[in-house]
Amino acid sequence: MNKVIFLLIISLGLLYAQDKVSFSGKVIDNNGLALPGVNVLIGEKGAATSETGSFLLTGLNKGKYRVKFSIVGYEEVVNPEFQLVSDTVLSIVMREKVFQFDAVVVSAGKHEQNLSDLPVSAAVMSNSEIERKNFVNLDDALRYVPGVSMTLDQLSIRGSSGYSRGAGTRVLVALDGIPMYTGDSGEIIWEVFPMPEISRVEVIKGAASSLYGSSAIGGVVNVITKAPGLSPLAFIRTYAGFYDKPSNESWEWSDKTRMYNGLTVGHSNGSGPVKFSLSFTRTEDMSYRQGDWKKRYAGYAKIIYNINEENKLTLLANGYTQDKGTFNFWKNLNNALVPPDGDQGQRLPSERILTGIIYNSKLSEKVSLTNRLSFYHSFWKDGSESLNSSNSKQVRNDLQFDYNISEGWLFISGIEMNYSKVNANIFGINNATGVGVYFHSDYKLNPKTIVTGGVRYDYNKRKGLSQESAISPKLGMNYKFAENLSARFFFGTGFRAPSVAETFTSTTTSGITVQPNLNLKSENNYSFETGINYSPLNFINLDAAVFYNRYFDLIETRLDTTILTAPYIIFDNVTNAAIAGFDFTSVFNFDNVFLKTGYTYLDARDIDKNKALKYRPKHLLYASISYTYDIYEAGIDFRYASKVDEVDDELVDFGFVADGEKRVEIRTFDLWFSASFFRYNLPLRADINIYNLFNYNYVEMLGNVSPIRNISLNLDLLM
Amino acid sequence: MGKLLVLLSIFLIISCDTGLAPAGSGFEEPGISGTITFSGTWPEGVSRTHIVIFKDPLNSPGDFNALNLRYVSQEIPYGSSEYYYSTNDESILENIQAGEYAYLAVAQSSTLLLSLNRSDWNVVGLWAKSDGEPASITVPAGTFLKDININCNFNTPPVQPPGGINE
Chain A
1 MNKVIFLLII SLGLLYAQDK VSFSGKVIDN NGLALPGVNV LIGEKGAATS
51 ETGSFLLTGL NKGKYRVKFS IVGYEEVVNP EFQLVSDTVL SIVMREKVFQ
101 FDAVVVSAGK HEQNLSDLPV SAAVMSNSEI ERKNFVNLDD ALRYVPGVSM
151 TLDQLSIRGS SGYSRGAGTR VLVALDGIPM YTGDSGEIIW EVFPMPEISR
201 VEVIKGAASS LYGSSAIGGV VNVITKAPGL SPLAFIRTYA GFYDKPSNES
251 WEWSDKTRMY NGLTVGHSNG SGPVKFSLSF TRTEDMSYRQ GDWKKRYAGY
301 AKIIYNINEE NKLTLLANGY TQDKGTFNFW KNLNNALVPP DGDQGQRLPS
351 ERILTGIIYN SKLSEKVSLT NRLSFYHSFW KDGSESLNSS NSKQVRNDLQ
401 FDYNISEGWL FISGIEMNYS KVNANIFGIN NATGVGVYFH SDYKLNPKTI
451 VTGGVRYDYN KRKGLSQESA ISPKLGMNYK FAENLSARFF FGTGFRAPSV
501 AETFTSTTTS GITVQPNLNL KSENNYSFET GINYSPLNFI NLDAAVFYNR
551 YFDLIETRLD TTILTAPYII FDNVTNAAIA GFDFTSVFNF DNVFLKTGYT
601 YLDARDIDKN KALKYRPKHL LYASISYTYD IYEAGIDFRY ASKVDEVDDE
651 LVDFGFVADG EKRVEIRTFD LWFSASFFRY NLPLRADINI YNLFNYNYVE
701 MLGNVSPIRN ISLNLDLLM
Chain B
720 MGKLLVLLSI FLIISCDTGL APAGSGFEEP GISGTITFSG TWPEGVSRTH
770 IVIFKDPLNS PGDFNALNLR YVSQEIPYGS SEYYYSTNDE SILENIQAGE
820 YAYLAVAQSS TLLLSLNRSD WNVVGLWAKS DGEPASITVP AGTFLKDINI
870 NCNFNTPPVQ PPGGINE
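Residue numbers (this note's numbering), protein chains in the order written: chain A, 1 to 719; chain B, 720 to 886.
Just so you know, these hints were derived from the structure itself, not from any lab.
Some hints could be false.
[As the list claims (entries may be wrong)] List of simulated lysine-lysine pairs, DSS-like, C-alpha gap at most 30 Å:
no.: 1; chain 1: A; residue 1: Lys64; chain 2: B; residue 2: Lys865
no.: 2; chain 1: A; residue 1: Lys618; chain 2: B; residue 2: Lys865
no.: 3; chain 1: B; residue 1: Lys848; chain 2: A; residue 2: Lys618
[Claimed, not checked] What follows is a set of in silico ranges between Cβ atoms, one per label pair, in the way DEER data are often shown:
no.: 4; chain 1: B; residue 1: Gly882; chain 2: A; residue 2: Gly655; range: 25 to 31 Å
no.: 5; chain 1: B; residue 1: Ser779; chain 2: A; residue 2: Leu399; range: 46 to 52 Å
no.: 6; chain 1: A; residue 1: Gly655; chain 2: B; residue 2: Asn784; range: 16 to 22 Å
no.: 7; chain 1: B; residue 1: Pro881; chain 2: A; residue 2: Arg558; range: 19 to 25 Å
no.: 8; chain 1: A; residue 1: Tyr568; chain 2: B; residue 2: Thr760; range: 46 to 52 Å
no.: 9; chain 1: A; residue 1: Leu387; chain 2: B; residue 2: Pro796; range: 52 to 58 Å
no.: 10; chain 1: A; residue 1: Gly655; chain 2: B; residue 2: Ser779; range: 24 to 30 Å
[Unchecked claim] These stretches of chain A come out as covered by chain B in the derived footprint (C-beta under 8 Å, 3 or more residues):
no.: 11; segment: 245-252
no.: 12; segment: 328-339
no.: 13; segment: 640-649
no.: 14; segment: 694-704
Positions of the beta carbon are idealized from the N, C-alpha and C atoms, including for glycine.
Take the sequences, apply the hints, and build the full model.
Right, dumping it as structure tokens:
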């Protein structure tokens, strides 16, 4: 297989006859990035690649050798009969081994762990998956993680969230460990994540407030950015695509082909103790819906300064400025790609900037310190009748100590503080403060058993309102029956303090009035899961889990009709819910064929009303199959979500969204082709994506048709 | 080869379904219809009889409110032995969309005007589970449910929701 997948290219031939020859070259990954630390073996001699991916072995006799390149997380490159007849320079491309379950490292638990050692279900999405499918925003990528669903921009893990109109999140999303929800609405801004700079995305599928505090009630998504190397590398990433005609002729509203495109230019380099990555991105989308256009400029910088062997400083700066039209709901089902007349022509300009300083220090052989200081600025204004605007600033600091008490026993403690200041006509002039103290321990009871425990105390206060506190414990265990069979158990608790937006919003948009609710209190939950992971053969991995999550005082929108002629919406603690279910994932890697499936069953019930929770599909299925031949790859992805039983009926009943009750199951196919020319020393990768192959029309949120069929070409050029 | 043909057939079938479509292209207006049958002797003093549908369960007298009430049929003539209803026909209140409804019943009142006071009403027929408790009913998007029939036996009235005449 390796002979097919990987090609060894001899770029320099015989120079002159001599007895001793050298063997050197460079190892890169599928994206053309240098791979340091690769073990290079030629016969009995070996070396490891440097930070620039280079290696050199000298004094070798001419002859036939077994050559092997290996590193954890990548497929080995082996040539059993390599003829070394002269000084030889090779370029080696190594392919990421997405299948190697026990080799995948995750850091969403605030320290690095093997995925196979976790007590809770988790998933990892690699950068090759993200780049191959040319996901423009992170939420687009998360739709392809088993057990995860999106309702427009609202992320839900195992049914944790419905749709809250951009206020609050029940999944904590972090960038290199820095939480990324805004100070005003407490929402995740997906456009702020630098997609071309992402190394991997980790998803933890259980309550994690014991480490992260508020918002980690339904799980954690940690986005890890790429580490810059020491050798200079420049890249250009560009894509262009278009939306097809709607499958229903009567929905056509424009004669123009609706295009979208983007360009990222980046550079990374290093010298001595300093390494950096910089990139600038411009994206534009005319959209398949009227008035839904967007144009964005984004910048990203990551600078790492290795002060000495014990101390490291990382500076992260990331932000964008964006102008876009707004599309809240369709006009009606006959005009599904057009907004109501009164909403047309509205704009929503916004700016978001994150600045983070991460300091790592090894205080002693056993104790290390990590401090994450961040500042997140958010500004937006809309064109609704209320001319809403908001300017928020959030400062956050997380000081964490890791103590390796003994071999197999890690103790973590930390204190996290955050302060948000909001100046908005929609949320008022308000502020919120939070302080959390946490303790966590992983203890290897014996070679087969890892026990995890932890607790966090949080204190939260919103301006003018009484303080709230929460204690969030957790307990977990991972037990390995054998090398290829392990079981896990997890009990965790979570809570979420109401955001400034949920508490203080006062506005009218698209005819819908929202009023503040000063009596809003925190929502909380406990979650339990047990799972099993089994690799019956070295190319098959199976994972199954059952879970039960109980939620109390969930904050949802409620229509208040005390005044029948002027009904309004408030955020309220209205729901006690239970979500039970199971999920099953499987990965098969037969030679050049890769097959991945994930199925989740959810029974999400509102206990008080004994009915289904809003926007929770009962069945989620994701399946993907790909085939690799030489430098070419092709694949099909399939996503299915059963039709949700309940939506915001009030919006339909009171005429805010015409035909809002119309919905179907979600069922989409994507087709993609990819060619990586790196192994032919051409610094280029090309991808073609056809999203929504059959042009199937569906809504995630009422009155919002999801993207119709669109086709794009993506080119990555490395220099 | 056979497996490939099956796979291709599945693909073709899937590709024919384009999901949501404008009205008039296969979508039915969602709704419910059925027949109400009456047995026993009609009680005296009843001035109006209606089929009513509530969105959420009637767990307390407060749940008997205008917001929760989604459908009120035209009056069923006094003394009827059978009555056909359809939520898509003319009615006093018609607000049936796709979704789950917790309470479907036939109720009688002795008031001349249509009252929203729970204590003015007596339930005489109920869409119920086998144990007699109220059963919810789900109207799928684009689907009109038929044969949602209710038998009203005046000799064995169903379970009453809280806040009735005798409470």
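| query | What are the numbers of the hints that this structure violates, sorted from low to high? | reply | Violated hint (a single one): 1; every other hint is consistent with the structure.
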